[in-house]
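Participant: As a plain string of letters, each chain reads:
Protein chains: 2
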Amino acid sequence: MKVRVSVQLKPGILDPQGKAVEQGLHGFGFAVDHVRIGRLIEMDVPGTDPAEVKAKAQAMCDKLLVNPVMEKASIEVL
Amino acid sequence: MKVRVSVQLKPGILDPQGKAVEQGLHGFGFAVDHVRIGRLIEMDVPGTDPAEVKAKAQAMCDKLLVNPVMEKASIEVL
Numbered sequence: 137m138k139v140r141v142s143v144q145l146k147p148g149i150l151d152p153q154g155k156a157v158e159q160g161l162h163g164f165g166f167a168v169d170h171v172r173i174g175r176l177i178e179m180d181v182p183g184t185d186p187a188e189v190k191a192k193a194q195a196m197c198d199k200l201l202v203n204p205v206m207e208k209a210s211i212e213v214l
Numbered sequence: 137m138k139v140r141v142s143v144q145l146k147p148g149i150l151d152p153q154g155k156a157v158e159q160g161l162h163g164f165g166f167a168v169d170h171v172r173i174g175r176l177i178e179m180d181v182p183g184t185d186p187a188e189v190k191a192k193a194q195a196m197c198d199k200l201l202v203n204p205v206m207e208k209a210s211i212e213v214l
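Chains as they are written, first to last, in the numbering used here: chain A, 137 to 214; chain B, 137 to 214.
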């Protein structure tokens, strides 16, 4: 099944990448605030039961995909 | 209004980052395929009309946020 993991910085964590993009957009004259950059991970996980697939994806997040100190993730089974 | 832009590589474009993550997951014993990594951009765009805000976000994508040669974007006004 296809799984989408959205990984974002936790609120309050400084986002230099977001700041850089925000300044770039301001430079082009766009009014925008609080630009935050995260990761979008899509993958095919074997399985037919969405709950089981989601659990596998959560295990992958815990093991490799997400830094629990600074990041939070939401998992969607598509 | 809060806008979320999901930027992903177009199908067929090689994703070395995705490959690296896929191999890492395989190394931990996870069965997973077709890992693709994209960007998730969240930002506050001034405006009250969702269509107008979405148009502004599209202009930002065209100007700075998305490489149209290799990437595609989907815009959600939250």
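Watch out, some of these pointers could steer you wrong.
Which copy is meant is left open, because identical chains are indistinguishable; a pair holds if it fits in one copy or across any two.
Unchecked claim - Cut-off 25 angstroms, straight-line C-alpha distance, at most; resulting in silico cross-link-like pairs (DMTMM-like, lysine to aspartate or glutamate):
#1 K146 with D185
#2 K208 with D169
#3 K146 with D169
#4 K138 with E158
#5 K138 with E178
#6 K199 with D169
#7 K146 with E178
#8 K192 with D169
#9 K192 with D180
#10 K199 with D180
#11 K138 with D151
#12 K208 with D198
To be clear, the hints were calculated from the coordinates, so they are not data collected in a lab.
Small disclaimer: the values here were computed from a predicted structure and weren't measured.
Participant: Up to 25 angstroms between alpha-carbons, please classify K146 paired with D185: within, between, both or neither.
Facilitator: neither (30 angstroms within a copy, 28 angstroms between copies)
Participant: With identical chains, the pair K138 and D151 could be close in the same copy or across copies; at 25 angstroms between alpha carbons, which is it: within, between, both, or neither?
Facilitator: Between copies, since 17 angstroms is at most 25 angstroms while 29 angstroms is not.
Participant: Indicate which option fits the pair K208, D198 if close means a Cα-Cα distance not exceeding 25 angstroms: within, between, both or neither.
Facilitator: within (10 angstroms within a copy, 28 angstroms between copies)
Participant: Is it within a copy, between copies, both, or neither that the alpha carbon of K138 lies no farther than 25 angstroms from that of E158?
Facilitator: between (32 angstroms within a copy, 14 angstroms between copies)
Participant: My question is about K199 and D180: at a cut-off of 25 angstroms on alpha-carbon distance, are they close within one copy, between copies, both, or neither?
Facilitator: within (17 angstroms within a copy, 32 angstroms between copies)
Participant: How would you label the pair K199, D169 (within, between, both, or neither) given a Cα cut-off of 25 angstroms?
Facilitator: between (33 angstroms within a copy, 17 angstroms between copies)
Participant: 25 angstroms Cα cut-off: does K208 pair with D169 within a copy, between copies, both or neither?
Facilitator: So K208 and D169 pass the 25 angstroms test inside a copy (21 angstroms) and across (23 angstroms) alike.
Participant: With 25 angstroms as the alpha-carbon cut-off, assign the pair K192 and D180 to within, between, both or neither.
Facilitator: within (11 angstroms within a copy, 33 angstroms between copies)
Participant: Regarding K146 and E178, is the shortest C-alpha distance of 25 angstroms or less found within a copy, between copies, in both, or in neither?
Facilitator: both (20 angstroms within a copy, 13 angstroms between copies)
Participant: One pair to classify: K146 and D169, alpha carbons no more than 25 angstroms apart. Within, between, both, or neither?
Facilitator: within (17 angstroms within a copy, 28 angstroms between copies)
Participant: At 25 angstroms max between alpha carbons, let me know whether K138 reaches E178 within a copy, between copies, both or neither.
Facilitator: Intra 7 angstroms, inter 23 angstroms, cutoff 25 angstroms: intra and inter.
Participant: When no copy is named, should K192 and D169 be tagged within, between, both, or neither for a Cα gap of at most 25 angstroms?
Facilitator: Answer is between: at 13 angstroms across copies they meet the 25 angstroms cutoff, but 36 angstroms inside does not.
Taken one by one, the earlier hints fail for this structure only at number 1.
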